[in-house]
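*Asks:* Residues per chain, in single letters:
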Amino acid sequence: MFRYYLKLGALSIRANPALSALMVAAIAIGIGACMTIFTIQHMMGSNPIPHKSAQLRHVQMDSWSDANPYNDGANPPIQLTYTDARNLLAAEQAVRQIATFKSGRIVEPEDPDELPYTVSGRATSKDFFAMFDVPFKYGSAWDAAADLSEEFVVVISEPLNERMFGGEDSTGRRITMNGDTFRIVGVLDTWSPVVKFYDLNNNPHEPVEDTFFPFSTAMANEYGNEGNTNCWKPPEGGDRAAFLNSECIWIQFWVEIPDQAAETQYMNYLDAYVEQQKELGRFPRPLDNRLPDVEEWMILNEVVDDDVSVLLGLAVLFLIVCLLNTIGLLLAKVMRRTKDISLRRALGASKASLFSQYIIEAGMIGVAGGLLGIGTTWLGLLGIRNLFNRFDFVEKLTHMDWSMTALAIVLAVVSALAAALYPTWRACQVTPASQLRIQ
Amino acid sequence: MLKMTDVSKIYRTDTVETHALREFSLTVDEGEFVSVTGPSGSGKTTFLNIAGLLEEMTSGTYELDGRDISKLNDRERSRVRNEKIGFIFQSFNLIPELNIFDNVDVPLRYRGLNAAERKRRIEESLDMVGLASRLKHQPAQLSGGQQQRVAIARALAGEPRFLLADEPTGNLDTHMADSVLDLLSEINSNGVTIIMVTHELTLADRAKRNIFVRDGQVTDAAPEFLRAANG
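Sequence lines, in order, name chains Y and G.
Residues in the first sequence are numbered consecutively from 1, following our numbering.
Residues in the second sequence are numbered consecutively from 1001, following our numbering.
It is possible that part of the hints are untrue.
Stretches of chain Y that chain G covers, calculated by requiring three or more beta carbons in the stretch to come under 8 Å of a beta carbon on chain G [claimed, not checked]:
(1) 373-385
(2) 422-436
Simulated crosslink set (SDA-like; lysine to any residue; CA at most 20 Å straight-line) [as the list claims (entries may be wrong)]:
(3) Y/Lys-351 x G/Ser-1091
(4) G/Lys-1084 x G/Glu-1032
(5) Y/Lys-7 x G/Asp-1102
(6) Y/Lys-7 x G/Asn-1114
(7) Y/Lys-7 x G/Thr-1018
(8) Y/Lys-339 x G/Gly-1170
(9) G/Lys-1136 x Y/Gln-435
(10) Y/Lys-339 x Y/Ser-192
(11) Y/Lys-339 x G/Ile-1095
(12) Y/Lys-7 x G/Lys-1084
(13) Y/Lys-7 x G/Gly-1112
(14) G/Lys-1136 x Y/Thr-431
(15) Y/Lys-351 x G/Lys-1119
(16) Y/Lys-351 x G/Glu-1056
(17) Y/Lys-351 x Y/Gln-429
(18) G/Lys-1003 x G/Asp-1068
(19) G/Lys-1136 x Y/Gln-429
(20) Y/Lys-351 x G/Ala-1115
(21) Y/Lys-351 x G/Asp-1074
(22) Y/Lys-339 x G/Ser-1091
(23) Y/Lys-351 x G/Ala-1140
(24) Y/Lys-351 x G/Glu-1032
(25) Y/Lys-339 x G/Glu-1097
(26) Y/Lys-7 x G/Lys-1136
(27) G/Lys-1071 x Y/Thr-431
(28) Y/Lys-7 x G/Asp-1074
(29) Y/Lys-339 x G/Lys-1119
(30) Y/Lys-351 x G/Gly-1112
(31) Y/Lys-7 x G/Glu-1186
(32) Y/Lys-339 x G/Ala-1140
(33) Y/Lys-7 x G/Leu-1113
(34) Y/Lys-339 x G/Asp-1068
(35) G/Lys-1119 x Y/Pro-17
Derived by calculation from the structure, the hints in this document are not laboratory data.
Even glycine gets a Cβ: it sits at the ideal position worked out from N, Cα and C.
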């Protein structure tokens, strides 16, 4: 009977093209509005490294003031002091660990006619690339010796390699930044995580950095931090050494932990480390060490903007209004077909048969609305992209993937079926005898 | 066999109660051709609707083929309508979007028959009403008499035991009406029980038995005023 109902649905849609088109349009517009915002929210909050996000843990330790707890004591600080980062890095208690901070550089081109230009940069350790599955086009990460000996080595991004070397294999070539000449050891392949999860202190959707160089090199050469710095008490002195020894937090620290046992082991280590630091007069607050994984870290840092959630709520309301409109249209259609309904009842259709027939017809309208809704969603995303094209990250957030495409259709069908429930119920209540004796 | 005993039907609104049938009792044996006549508002169509399970009665008992109809749920009533009863309406009631073949196919679809069996029945029934060559025509392409023949074919395709006809010739001219009545007589001669509601006594006389309804009850004979009205 399913095919029969499909045929009847197609005939009915063809017999009432204007009414059907209005319903499809109402659903498509509602779906478009809803899915446009939902796509942005989805992309904002999507897990950028799902296959190993549970193994990647951000280290949090409560080094804050007892009198004025960080975030009112709800959670420990989201960055570490240099002292703690250096100690954890040296301890090597996890399979992999990195200390990292953002530090922009100025490239000095070899061509004297070309003006210097700024590039974004990140100080980190060699494990960064393996931990986060960063793809390489040429070369590789630097080795442990480079970390230890504070070498001037650098991994550059694909766009920078394109700009400087026309996309050729540039490993082994030199690049001068802020007076320091680096040897290029690797060129990244296309790497554009939707969320720059490893550093959520600034815009979580900005592009990955153009240059990556050893943390040790950056520290030895006093590279500045371009990320957030927070202090609960001022450094004891105005020089860099005083800042490094202070309780100011400005370094992100990640560890790779393969399983539960390793997590317990690392947590025990952190607890022991903090207890030791307490003996040195630090960490006045109660013990509160945490190891959130990537997804937990994104939630904690509220990667999805509250404004987007509000917009999504409004878009859902708009979809509901469209569905109410669809209910009205469906009701009008059903009321125009009471004679057909009565006749089918007289010829042996049960209420259940009629229900199936009309629900399938509504489903067809839903599918059509969903397909058109994909188009309206695409238009909505295109509009947002054009409206905010001055922000690079908007390009990434306005990408409609397969899951969103499928969701648009499913949502449209479910919406159409929900909208059809009342009109279909009304159709089933038509008394056959009342409509058949039309003179 | 169709047997109604003390059936009543009351239509209620907030302010008015209308007794369409009052203690209506009637038995129709298998193979009969019964006409039901009566003035407008006498209750003859209400009787036909209840007989065809298109409406529920307010009280009384109704047995169809020995089965108490009042105890059936919607699905069972639909099945009885589909398998035992064929309907012919005054206004034909063909579905305009469907061609002739698909119109006749409607009750067979709800029967759950396979495609080959449905095709056989549709072709046979359309052949019987003389429209086998019009399978792909739309209803609007046929005359009124032809449309009524399609409606009869649709009723016959389900091979019903009872054929309920409500003013089947009401929208036809005399010539077409005669041919439709000839067809009904032929169907009845094949063993199908026919109950035909009409307000014209001349048509009613084509039936083997005439029932007269007045004020929602069966009366013994046609009232004089009805005969006078029919000339």
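*Asks:* So, for every hint listed, does it hold in this structure?
*Replies:* Structure-based check of each hint:
| no. | hint | in the structure |
| --- | --- | --- |
| 1 | 373-385 | violated (count 0) |
| 2 | 422-436 | holds (count 4) |
| 3 | Y/Lys-351 x G/Ser-1091 | violated, 24 Å |
| 4 | G/Lys-1084 x G/Glu-1032 | holds, 15 Å |
| 5 | Y/Lys-7 x G/Asp-1102 | holds, 11 Å |
| 6 | Y/Lys-7 x G/Asn-1114 | holds, 17 Å |
| 7 | Y/Lys-7 x G/Thr-1018 | violated, 42 Å |
| 8 | Y/Lys-339 x G/Gly-1170 | holds, 19 Å |
| 9 | G/Lys-1136 x Y/Gln-435 | violated, 27 Å |
| 10 | Y/Lys-339 x Y/Ser-192 | violated, 59 Å |
| 11 | Y/Lys-339 x G/Ile-1095 | holds, 9 Å |
| 12 | Y/Lys-7 x G/Lys-1084 | violated, 27 Å |
| 13 | Y/Lys-7 x G/Gly-1112 | holds, 16 Å |
| 14 | G/Lys-1136 x Y/Thr-431 | violated, 31 Å |
| 15 | Y/Lys-351 x G/Lys-1119 | violated, 26 Å |
| 16 | Y/Lys-351 x G/Glu-1056 | holds, 15 Å |
| 17 | Y/Lys-351 x Y/Gln-429 | holds, 8 Å |
| 18 | G/Lys-1003 x G/Asp-1068 | holds, 10 Å |
| 19 | G/Lys-1136 x Y/Gln-429 | violated, 32 Å |
| 20 | Y/Lys-351 x G/Ala-1115 | violated, 23 Å |
| 21 | Y/Lys-351 x G/Asp-1074 | holds, 7 Å |
| 22 | Y/Lys-339 x G/Ser-1091 | holds, 11 Å |
| 23 | Y/Lys-351 x G/Ala-1140 | violated, 29 Å |
| 24 | Y/Lys-351 x G/Glu-1032 | violated, 31 Å |
| 25 | Y/Lys-339 x G/Glu-1097 | holds, 13 Å |
| 26 | Y/Lys-7 x G/Lys-1136 | holds, 16 Å |
| 27 | G/Lys-1071 x Y/Thr-431 | holds, 18 Å |
| 28 | Y/Lys-7 x G/Asp-1074 | violated, 25 Å |
| 29 | Y/Lys-339 x G/Lys-1119 | violated, 26 Å |
| 30 | Y/Lys-351 x G/Gly-1112 | holds, 16 Å |
| 31 | Y/Lys-7 x G/Glu-1186 | violated, 35 Å |
| 32 | Y/Lys-339 x G/Ala-1140 | holds, 17 Å |
| 33 | Y/Lys-7 x G/Leu-1113 | holds, 17 Å |
| 34 | Y/Lys-339 x G/Asp-1068 | violated, 28 Å |
| 35 | G/Lys-1119 x Y/Pro-17 | violated, 30 Å |
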